[in-house]
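Take a look at the letters that make up each chain.
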Amino acid sequence: MVAIVLNVNGQMRQAEVPPDMPLLWVLRDVLGLTGTKYGCGIAQCGACTVHVDGRPVRSCVLPVSAVGNAAVTTVEAVGQTPAGAKTQKAWLELEVVQCGYCQSGQVMSAAALLARTPSPTDADIDIAMAGNICRCGTYPRIREAIKRAAKS
Amino acid sequence: MTLRAPPPLIGTAGVEVVADRRKVLLGGGLVLGFAFAAVKAHARSTDQRVNNAGAQPVSNKDVADVAGAGFVGFKPDAFIRISPQNQVTLIIPNVEMGQGIYTGECMLIAEELEVGLDQVAVVPAPPDEALYKQPLLQFQGTGGSTSIRGAWEPLRKAGAAARVMLIQAAAQGWGVNPAECHAERAQVLHLASGRFATYGQLVNAASRIPKPQQVALKDPSQFKLIGKPAPRIDTPAKVNGTAMYGIDIMVPGMKFAVVANCPVLGGTLAGVDDSAAKAIPGVLQTVRLPNAVAVIGEHFWAAKQGLDACRISWNPGANAKLGSPALWADMARVAQAGPGAVAVQQGDVAGAYKGAKKQVEAVYRQPFLCHAPMEPQAAVVHVTGGGAEIWAGTQVPSRAQAFAAKVLGVAPEKVIIHNQLIGGGFGRKLETDYIEQACAIAKQCPYPVKMVWTREEDMQHDNYRPMYLDRISAGLDADGRPVSWSHRVAGASVTARYAPPGMKPNGVDPDAVEDAAEPVYGVFPNMLVDFVQWHPPAGVVVSWWRGVGPTHNIFVVESFVDELAHAVGKDPVAYRRDLLRNVPRARAVLDRAAQAAGWGSPLPARTGRGVIVQKCFGSYIAAVVEAAVSDEGDVTLRKITTAVDCGLTVNPTLVRQQLEGGILFGLTAALWQGITLKDGRVEQSNFNDYRMLRINETPPIDVIHMSTANPPGGIGETGTTAAAPALTNAIFAATGVRIRELPIDRALLKKGAKPQGAAVLAPLGVAAAAALAQGLAAKAAEGEP
Amino acid sequence: MRRVLSVILSLAVIGVIVAAAIAYWPAGPARAVAAPARTPELIARGQYIATAADCVACHTTEGGQLYAGGRAFKLPFGTIYSPNITPDRETGIGGWTDAAFLRAVKQGVDDDGQELYPALPYTSYHRMSDGDVLALKAYLDTLPAAHAPNHPNALSFPFNQRPLVRFWKILFMPRSGFAPDASKPADWNRGAYLVTALGHCGECHTPRNLMYGLKTGQALSGETVQGWSAWNITSDPHHGIGGWGAGDIAAYLKSGYAPGRGAANGPMKEAIDYSLSKLTPDDLTAIAVYLKSTPASDRGPAADANPPSLSASTLTGPASGDTGDAYGRRVFEGACASCHAWNGQGQQTPMAALHGLPSVADPKGINVIQTVLRGSSVTAPEGHAFMPSFRADYSDAEIAAAANYVVEHFGGASGRATPKDVAKARAQ
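Protein sequences, first through last, are from chains A, B and C.
Quick note on numbering: the numbering used here labels position 30 of the first sequence as 30, and the sequence is numbered without any gaps.
Just add 1000 to wherever you are in the second sequence, counting from 1, and you've got the numbering used here.
Just add 2000 to wherever you are in the third sequence, counting from 1, and you've got the numbering used here.
Misleading hints may appear alongside valid ones.
Covered stretches of chain A (chain B as the covering partner; in silico rule of three or more C-beta atoms under 8 Å from a C-beta of chain B) [to be verified]:
hint	stretch
1	93 to 106
2	122 to 129
No farther apart than 30 Å at their CA atoms in a straight line, the calculated lysine-lysine pairs in the DSSO-like style are these [said to hold, decoys possible]:
hint	chain 1	residue 1	chain 2	residue 2
3	C	2424	C	2269
4	C	2292	C	2254
5	B	1751	C	2254
6	C	2364	B	1751
7	B	1639	A	151
8	C	2106	C	2292
9	C	2215	C	2292
10	B	1443	B	1414
11	B	1750	C	2420
12	B	1751	B	1639
13	C	2074	B	1321
14	C	2364	B	1754
15	C	2424	B	1754
Derived from the structure by calculation, the hints contain no laboratory data.
Every residue gets a Cβ at the ideal spot worked out from N, C-alpha and C, and that includes glycine.
All chains, please: the whole structure from these sequences, using the hints.
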C-alpha cells in the first residue's frame, strides 16, 4: 500500500492503494467514480477507457503507479472538454445509447478521437473505436454520431 | 435514481406508414393496396443540456418515496404518483436493459395522462406480483419481447383513468361539467372560464374521486406522443457516467467480493488454503460456499489478488471428463431414438413425402451460447437482522426476491430489492444465480458486500442457451411447394427448467418449437413437428437467450426454405413470395426489404445476398444480409437491410435501435460464438476467445419501418432471430456452401474446400420420424406415460 | 571388368561391415570415476547445476511430477519423449552408476549402452566438467522417486534406429570439452561455460544443418525451433544483442523482460522461468559478458528498425494514409492496438511495446504468430503484463494478415506470413 495522489477530473485525489492496482479499480472502488466501467479486465472491450493527459487508455490494465502526475479525465468530467461536450451532444441527438454500459468507454474513445482529429474519416473512426465493444450493436449510430459531432 | 427525459431532439428517420385498408379485421386477406407515406419527423430545437455532474450517491429514497407506503399525493394505481408539488412520477413495470422500455412505457402512460415526457420522472417497479405481473408472461418479468405488447392497453388505461379523475376533481372544484375541461401538460384547463389547475393542486381532490371502471382510449389519430421518435429518457445519464447499474452501487461500509466457482460445471469445493491471501493488504476474509470460494476485500482488486493467491482444490464430480463431442453424440442418440412429443401433426406426412416430386432433408446444429452482457454479473447485498437489502439489476424482481429469501432463510417480504439499470440483459438477468450467490456470501459477512464476477466467471458459469439438433425434411410438389414437412427439434428444455408449468402435458416445450410449429408460411399440408427433450448433465444449466426459441427455429426453417428454393431452382425471394401468397404482411416486408437491398442486382465474385422472412413476437420482419467470403473462408458483412412491420409503434427510434442491435447480436453469434466444454470446463473465457463484432466489422444497416394499424408487436429480439439464417443464406449465395451448423466453420468456406458430410449430421429418415411420432401419439392415446 | 566389379563389391562388403561394426559394436564400458562424497554442499551445487542446465524443463510434463519425464517433443521425423530421471530403480535412473550417468550426459550413451538421441543436448553437456555432472547426479538422487515408465518414442524409419546415432556423432559430436581461455577474465570464462555447456544456448540459437547438426561456424546466430524463432544472440549490434547493455541482458534473463527489448515468450520464457531466472546475478552478468564478445553475425532480422510507418504514428493512430495490409489492420485496430499502441511504445505499459523487436522485423512473423496464438505473460520489476491467446476465434488468414501488418508497420519489413504458416504454428 502506498499513498498515491491522482489528478482526477481537475481535482487532486488521494488513495491508499497497492501501486500495481489498475486505475479502473482506484476510480471505481476507492474514489467512487463508477462511470468508468469494468468489462473484461484484459483491454479487449474498452469499457474502462479514460483519458490520461488526453490520451485514451484502458484503465483496467493501467497500474495506478504509472499515472504519475498526468491528468486523468473520466466520463464524469469529459463533458467539460469541447470534444467531450460535442460527443455527448451528438450521442443524444442520434440516440446512440441502448443499455449504455459500454457507452462511457465509447464516449471517451470518441472524445479523444475528436480532440486530435476534428474531422475523422471512416478509417480514423475504425482505428479509434474498434477497441470498444458494444453488445447492443450501437456501432452504426456511434459512427454517425462521431461524424455529427465533427460537424458541430 | 430517477431518470428524466432530455429535451426533444431531432428524430432519426422517417417511418413508412402502411395503410392497409382491410387492417386486422380481415386477418390474412389479400392486400388490396399499399400507400406509402413518409412521416416527416419533426425537427425540433434542442439545447445542449447534458448533465455534467459528477457521480451521484445512490438514493433509493426516491423509489421508496414514490413506490412505497410513504408517498403522499395522488396514487390512483400501481404506476402513477403525482405529488402536491406537481411532480409526476411513473413506476415502470418492466426493467430497463437497453431496450428503451422506460421511455416506451412512459409514453404509453403519458399519452393518456396528458403529461409531457419532460415533466415526468421514472422509477423501476419494486417486486410485487400482484401489481406488476406481466400480462403475457404471467409473472413479474421482462423478456420474450412482451413488454409493449402487454403494457399497450393497461398502461394507457391507467393514464386515462388518472386523467379522468384529475379532470373530474377540477371540474367539481370549479362547479363545471367535466366534459368542458381538458388536460394538457399536467394541468386541467377550463377554456370557457379561463381557469386552470396543475395536477399537483388537484392531488387531494382527485384522491377522493372513485376510479372509473371504464375509460375511453384515444384514437391513434389523436396520439401526441405515441408513434413519435421521442428521445430516450435514460440517455443523458448514460453518456455522462451518472447512470447507475447494479455493478455501480456503493453503500456505506460496503466491501467487495470476488468469486471463483468450481471450474468444472457441477463440481464442488474440496478445500481452500487462504493463508497467502490473508497476507495481502486489503483482504478481509474468505467465504467458502459449497461450489465456490469468495474472497472479500476493501476493493475489487484486493479481493481479486486474494482469490488468485488462494490454493483451491475442487471435487470435479461426475462431469470431470465431460466434453462437447460427447454431448453432441448423446443428443444425436436421443434425437434419433425419440419418441418426440408432437407439437403439430396433420395429414399423412410419410405418404406425402414418398409421393412428392422432390425430397429434401437436412440436419442443423446450434451450440451452447453465453449471454456475455457488457456488465458482468454483480449484486450488492446487505444482510440485516431478519432480512436483507439487495441492489442489483434483474429482469425478474419478484423471482429474485423469492430466491434470495430462500438462500437467506427469511420471508420474501423481508427482502428489499432495489432494481437497477441493467448493462445488457439478453436473458442473462432472467436468472437469479448471481443474486443468490451474493446473498450466500453476504450471509457470512458483517457488512454489506458487493459481489462482482470477473468476465471469466461470467462466461464460464453462465446458464447457457441450449444446444439444438434439428432434423428437417420436406417433400415438394411439381411447383416446388412443400406437400410434406417434418421437423424434429431436439434440445434441452429451458421451459422445463425455468417454468415447468409452461410445458405442454404431452412433453412439448412450446419455446423449443416456437415458430417451427407455426412457421410464417402457415401450417403446411401433411406436417409433423415434434420435440425430443434432451437432458444435459447436472451442472450444465440452460437458459433464455435473446430471441429465445425462435432464434433457434428461424435459423432452421429459413435455412431450409432457402435449401428448398435452390433445390427447385427458384430465386429465394420469389420462392418465399409464392409460399406467402396468403400472408400479406409477411409478403409486404419481404418485398420492401428485397427492393431496398437491391435484390437481384449483380455482385462481385464470392459475394452474395441472403434473405429471410419471419413472424416472431407478433412482428413481421424480412432481412437481407449481403456478405463476401474470402478465398480463405473469412466472412465480411457488407450490408444489412431489414423491413419491419410491428404494427402500431410506440416509439420508432426504439424499433430501429432494437432491429439494428438485435441483428448485430445475432450475426456476432453466428460468425464466432459457441460455448464448448472440455473436461467439464467451459473452454471460452473472455472476449479474446468468445469474439465480439467490432465497429470496423459492422456494415451499414438500413431499417425500413413500415407502420401498420395492427396491434403492436414485440421488437427486442426480432433482429436476433433474423440474423443467422440471413447470413448463412448469403454465404450459400456467395459460395454454394450450405452452413448447417453454427457458429460458421470457416474451413468449410475456403475456396475449393471439400463439401461437408459429417456422419453425425446425417438426416433421420422422415418416415422413421413420423413413425416414432405416431407411436408416441398412440401411446398417449392409450394413457401411457 | 570382373576384377573391377569384384573390387567394388569387396569394398562395398567391407563398407557394410565397417558401418555395421560402427553401428552395432557394443559401447565400451563407462569410464570408472571416483564418486565424490555426498555432502550437502555437493547436493546444493548439483541443484544449481540442474537449474542452470534446465533439466526440469524437458524432463517434466505439464502438471506432472518434477523430473519424472514424459514430455513430448515433436520433431520433423516423429515424436520423442523425455525419460524419467528420478531415482526410481525400475523406471528412473536409480540403478545407474555415477559412471553411467557421466557417460549418458556427456557422451549420449545410456545405461544399457544404447545410443541416446541428441534431443538430450550432450553436444553441449559434453563440455560440462565431470565434477558438475557428478554433483548433478548427487542432487537427482535426492529427489523423490517417481514410478513412471518411459513413454516409447514414435519415430519413423530410419530415425527409429538408435545405432545410426553413432554416425551422427562422428559428424557432429565435439571432440573436446570446455577449456577456459586464460587470456580472458574469469567472468567471461564463466559465461562461456554457462552459455556453451550448462545453458546449452546453442541448441536453440545456433542454426542446424539438414542432418540436425549444429552449424558451429554460425554459433548463436539464430534458428527456428519448435515453431519459434530463437533470435541471433551474437554481438552484432543490429541483428544480434550487441546493442543491448550487459544490464539489459541480465535483466532479460532474470525476468523475461528488459525495457525496450520486449518480453520473452515460448521456449525462451520457459528457459527463463525454469532456469535462467534462478541463476545468481554474477552468473547472469557472466552470460552477458560472454554473449557480447561472440563473433557478430548479420543473420536474421535487424532489430532496431525505425520505419517511417512507425515514426509517423502516434500512440493513438498510424499516420494518415497508412498503407499497411488493410485486412491485417482491421484485426490489429480491434484486438491489438489497445495495448500495443500505434507508435510501438505500448499504450498502458511499455512492456507491450513492439518498437525495435526482432520479432516484428521478421518477414515471416514467426514469433508474432506464435504469440498471437498462445498469448504471453511476464512479471518483471517493471510490473506484470499479459496478453491473451487469440487462437480460438481468429482465422489463419486473419492472424497471418495481422502478423503481416505488424511486421510492415512496426518492423518496416514486408510481411510474408501465410495462412498456411499459421495453420502449421497452431499444430505445434
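Okay, the hints, checked on the actual structure:
| no. | hint | in the structure |
| --- | --- | --- |
| 1 | 93 to 106 | holds (count 12) |
| 2 | 122 to 129 | holds (count 3) |
| 3 | C:2424 - C:2269 | 21 Å, holds |
| 4 | C:2292 - C:2254 | 17 Å, holds |
| 5 | B:1751 - C:2254 | 48 Å, violated |
| 6 | C:2364 - B:1751 | 24 Å, holds |
| 7 | B:1639 - A:151 | 25 Å, holds |
| 8 | C:2106 - C:2292 | 27 Å, holds |
| 9 | C:2215 - C:2292 | 20 Å, holds |
| 10 | B:1443 - B:1414 | 14 Å, holds |
| 11 | B:1750 - C:2420 | 12 Å, holds |
| 12 | B:1751 - B:1639 | 22 Å, holds |
| 13 | C:2074 - B:1321 | 26 Å, holds |
| 14 | C:2364 - B:1754 | 28 Å, holds |
| 15 | C:2424 - B:1754 | 20 Å, holds |
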